[in-house]
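K.L.:
Just so you know, the protein sequences line up as chains A and B, in that order.
Residues in the first sequence are numbered from 1 upward in steps of one, following the numbering used here.
Residues in the second sequence are numbered from 436 upward in steps of one, following the numbering used here.
Think of the hints as simulated: they come from the structure by calculation, not from any bench.
Accuracy of the hints is not assured; some may be wrong.
Claimed, not checked - For each label pair, taking beta carbons as the anchor points, the in silico distance ranges come out as:
1) A:Ala142 to B:Ala807: 28 to 36 Å
2) B:Ser466 to A:Gln121: 42 to 50 Å
3) B:Ser515 to A:Asp240: 26 to 34 Å
4) B:Val899 to A:Asp240: 47 to 55 Å
5) B:Ala807 to A:Asp240: 23 to 31 Å
6) A:Asp240 to B:Glu925: 18 to 26 Å
7) A:Pro390 to B:Asn584: 33 to 41 Å
8) A:Gly286 to B:Val899: 39 to 47 Å
9) B:Lys714 to A:Asp240: 43 to 51 Å
10) B:Lys589 to A:Gln121: 33 to 41 Å
11) B:Asn808 to A:Ala142: 58 to 66 Å
12) A:Ala225 to B:Asn808: 16 to 24 Å
13) B:Gly908 to A:Asn203: 40 to 48 Å
14) A:Asn65 to B:Val684: 29 to 37 Å
The structure presented is a predicted model; accordingly, all values stated were derived computationally and were not measured.
Even glycine gets a Cβ: it sits at the ideal position worked out from N, Cα and C.
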Amino acid sequence: MTASLSRRDWFRVSAGLGAAASGWLPAFAADAARNPQRKRSVILLWMSGGPATIDLFDLKPGHANGGPFRPIEAAPGLQIGEHLPRLAKHGKSLAVVRSMSTKEGDHGRGTYYLRTGNLPQGAIQFPTIGSLVSKEIGSASAELPNFVSVSPFRAFSQGAFGPGFLGPNYAPLVVGEGNFGAPQPGQDADRSLRVQDLSRPGNVSPEQAESRYDILKEMDQSFIADHPTVVAQSHASAYDRAVRLMQSVGAKAFDLSEEPIKVRDAYGRNLFGQGCLLARRLVERGVPFIEVNLGGWDTHQNNFDAVQRLCGILDPGWGTLMTDLESRGLLESTTIIWMGEFGRTPRINQGKGRDHFPNAWSAVLAGGGIKGGQAYGKTTEDATKVDGEPTSVPSLLATLCKAVGIDHEKTNPSNVGRPIRIVDSSAKVIKDIVA
Amino acid sequence: MSRIFPLTAILLAVAPAAAQQKGPMPREVISKPVLADVVRNLDRHLNDYWTREGITVAPSADDGEFLRRLSLDLVGKIPSASESRAFIADKDPQKRSKKIDELLARPGHLNHFANVLRQTWVPQVTDNPQLQFAFPPFEQWIRSRLKDNTAMDKMVREILTVKTLFNARGAQTFQQNQQDTPFLFLQANEFKPENVAAAASRLFMGVKIECAQCHNHPFAPYKKEQFWELAAFFVEVQPAIANISDVKVKREIKIPDTAKVVSARFFDDGQEPPWDEKKSPRETFADWLTSGRNNYFARNIVNRTWAHFLGRGMIEPIDEPSEDNPPVIPELIEELSKAFIASGYDLRFLYQTITRSRAYQLTSRQTHESQANVKSFARMSVKGMTGEQLFDSLAQATGYLDPTPAQQRQFSFGVRGQFLTKFASTEKLTERQTSILQALTMMNGAFMSDATSTDRSQFLAGVVDAPFLDVKGRIEVLYLASMSRLPTPEELERHTSYIDRGGNSSDKNKAIGDLFWAILNSSEFMLNH
């Protein structure tokens with residue numbers, strides 16, 4: 001009996017067996033959940049600017065560095081910041097890694113490091129995690145792109161948002177582009193998340209579209225034959241994927257007007273919130289990797305006002321996303337990773353702000369393949385250092401891979417001749433938080 | 436004989452006296468280099484290299500291929516159909532050289548390079564909404580300098596030493612409609628000495644010292660102190676410091692998060708600069724940068740300009756020269772740098788030299804596997820087009836007339852502006868990716884839809900209606916207008932039969948529109964090869 005039965009088949013089988021409480025079903029179900037063939041998805045919530053995790057996930061209320069925010073309970077033994085109440089309701093699904101530590105306090109290098117798992121190294125073009133992961137768990141023949149990026153803020157590090165040496169086939173479809181930093185509440189997120197020019201012009205019949213596309217393909221094939229270059233390949237690849245997207249039924253996912261107003265309001269009427277809603281719709285249609293970006297976290301001044309305001313966007317978006325995924329039974333096959341390029345200083349500066357601090361900060365893993373309801377690792381009382389063994393970026397990403405069922409030591413051919421692992425071999429999977 | 440004798444007598448009299456002189460030697464008089472000689476030397480270095488490496492060089496590009504590429508690189512768009520036809524038919528053996536000079540004299544050349552240089556020097560504009568409206572004065576300033584063929588060392592000097600416009604209270608008094616000025620260079624770098632220094636180092640010295648801002652550079656021998664010693668030259672760009680009269684304050688900077696204060700020192704030798712009471716620290720730095728006493732300035736400009744035309748620098752990555760990143764053909768960059776300095780940092784001379792070199796004449800078709808390594812310049816590289824080049828080429832090919840008022844065209848209003856937003860990218864052109872969204876815009880967007888319909892496109896209707904053209908003739912016009920070449924016999928045959936049967940809908944007009952649509956969406960059209 002294969003483990004790739006659909007939910008409906010399941011019930012038919014168990015009904016036929018007439019043994020709803022049969023002993024072996026739960027074990028079988030657990031097995032199916034672990035089966036990598038089952039469609040999995042990853043959602044990266046990327047917090048550009050370096051969020052003050054000391055005010056979000058690792059509060060120090062007793063200490064001078066703690067600031068004015070108070071912790072609230074998310075799960076027994078797990079407390080998070082008071083400005084994330086909806087998220088706190090999902091505490092049992094959250095694993096907060098409090099021991100993140102790097103040496104990279106520069107936006108550019110930090111962004112590159114966290115998003116590719118490698119420091120920038122001259123010639124090598126490391127791919128972003130979205131490309132790496134979607135290549136492993138996505139299907140090459142899927143009608144929707146395997147990697148969708150919502151509103152990326154690429155200024156800090158252009159190279160950290162692309163497919164690198166994996167090539168243009170693994171580039172993300174970007175929507176909601178052209179927005180700087182944090183989104184303004186009330187923005188017309190609806191229109192900017194649509195895929196522009198997705199439909200053929202009205203006066204072009206499907207047959208005409210096909211026959212003229214044939215002419216185009218023939219021209220391109222002969223050009224590439226004489227000009228085997230990256231730019232030519234990227235051109236051909238983009239057109240093929242565009243046509244596939246046009247012909248797909250799944251492209252309707254981008255039309256958020258299909259959702260009830262109540263739902264859209266619950267996510268928050270801003271680019272991030274609607275981006276989270278889009279992520280859910282894409283997960284429903286089997287897209288394996290979606291990243292939703294929220295910027296504005298570089299709070300060198302007025303940290304607490306800014307963080308509270310950003311939580312007003314982050315909490316409804318993320319919280320509602322978790323709720324929806326759970327109620328649709330998708331949370332167990334969707335892994336969420338939340339992080340920025342570094343944390344912020346425990347010491348509050350003269351502008352009531354916090355500055356860059358890569359030494360000790362938090363990242364969060366949630367959902368599928370993750371054992372939630374816990375914090376992993378800790379920082380000292382004053383939050384200036386990790387207390388115990390620090391967690392490296394490769395280890396965090398390797399843990400994500402493990403949760404999703406990917407071998408992080410698998411290699412890909414790179415643009416400098418040698419094969420390069422998905423995640424650096426120095427990585428140590430955090431076994432405690434993998435289910 | 437009698438005229439020469441007194442002259443030599445004078446020279447002989449002067450020479451020994453000069454040799455006994457103490458102090459700085461008189462500036463060596465270098466004669467202006469001869470274009471043909473420099474090109475010959477460059478080609479010799481290239482040929483020697485290719486022979487040494489056993490590389491089979493690609494053949495020369497066809498006339499149409501060369502003209503299209505030259506036009507895109509010099510003027511920012513493809514040539515017109517008639518220009519292409521005339522160039523291909525021209526029997527003058529000097530036609531390529533003459534065309535280079537002709538294009539360099541066009542206003543379009545100034546516009547294109549002003550735009551290219553502005554984007555290179557102030558890349559922050561792309562991502563910063565506040566700067567998006569502030570760039571025209573800078574671009575106009577560049578254009579006017581290019582028009583006068585101002586020497587590059589003078590141009591850079593003006594940029595680095597531009598007057599800061601702060602009033603007594605340190606408030607910025609810069610007006611939007613300021614007279615043409617390079618002030619944006621300081622503004623885009625937030626009037627911070629460290630940002631200006633990092634930009635100056637990368638753009639004008641070709642040295643990416645930025646990482647050393649916070650810690651010793653991990654891969655290159657730049658120390659944190661060196662970075663801040665460089666930044667110390669630019670202390671006066673800060674509003675708070677600009678009006679202070681104490682000169683010493685303007686030469687020192689405190690390294691953030693430390694108690695250490697460093698003084699301005701030159702980058703490579705750490706020497707105390709020859710301070711002059713009449714010169715600002717920035718002027719002293721600019722003097723040193725462009726004096727020819729360091730190896731950076733000329734080589735960097737030459738390298739970047741080479742990369743503009745050839746797609747790749749002679750040193751690549753462009754801003755990381757080091758022992759681990761030597762130039763592929765050292766003699767080539769030495770020759771060109773020397774010639775550039777000798778020409779008086781003449782940009783037009785530099786463009787003329789590069790476009791006449793053998794490397795630039797080669798086809799981009801790969802004819803032998805030894806050409807596969809792009810480092811060797813054994814065939815022309817394929818570059819993506821910038822958004823500006825693509826739109827302007829589309830407009831050229833389709834006869835599109837932009838209805839947006841001229842003053843607004845450079846901003847994001849209007850059809851061109853919208854298009855540019857969609858096609859904006861800061862990727863290197865030889866690595867430029869086409870995105871799904873761009874493909875969708877090209878395939879389904881309103882612009883293309885109008886351009887490929889005989890109902891809505893005057894140009895296409897003209898092609899279809901012209902009584903003196905048969906089907907073959909119409910196809911030729913479409914190819915000349917967009918690919919700058921004539922179709923091959925095989926292409927002609929294939930397309931003729933498609934149009935004769937009316938394509939898929941038995942409609943000859945639609946069939947011609949289909950062909951034009953395919954041409955404009957093709958990689959051959961959208962890429963610069």
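K.L.:
Each hint: holds or not?
P.N.:
Hints versus structure:
1. A:Ala142 to B:Ala807: 28 to 36 Å: 32 Å Cβ-Cβ, so the 28 to 36 Å window holds.
2. B:Ser466 to A:Gln121: 42 to 50 Å: The hinted range 42 to 50 Å holds for Ser466 (chain B) and Gln121 (chain A), with Cβ atoms some 45 Å apart.
3. B:Ser515 to A:Asp240: 26 to 34 Å: holds (32 Å)
4. B:Val899 to A:Asp240: 47 to 55 Å: The hint (47 to 55 Å, Cβ to Cβ) is violated, given that Val899 (chain B) and Asp240 (chain A) are roughly 30 Å apart.
5. B:Ala807 to A:Asp240: 23 to 31 Å: Check passed, 24 Å falls within 23 to 31 Å.
6. A:Asp240 to B:Glu925: 18 to 26 Å: holds (24 Å)
7. A:Pro390 to B:Asn584: 33 to 41 Å: violated (58 Å)
8. A:Gly286 to B:Val899: 39 to 47 Å: holds (46 Å)
9. B:Lys714 to A:Asp240: 43 to 51 Å: violated (60 Å)
10. B:Lys589 to A:Gln121: 33 to 41 Å: About 38 Å separates the Cβ atoms of Lys589 (chain B) and Gln121 (chain A), which means 33 to 41 Å holds.
11. B:Asn808 to A:Ala142: 58 to 66 Å: 35 Å Cβ-Cβ, so the 58 to 66 Å window is violated.
12. A:Ala225 to B:Asn808: 16 to 24 Å: holds (19 Å)
13. B:Gly908 to A:Asn203: 40 to 48 Å: violated (27 Å)
14. A:Asn65 to B:Val684: 29 to 37 Å: holds (35 Å)
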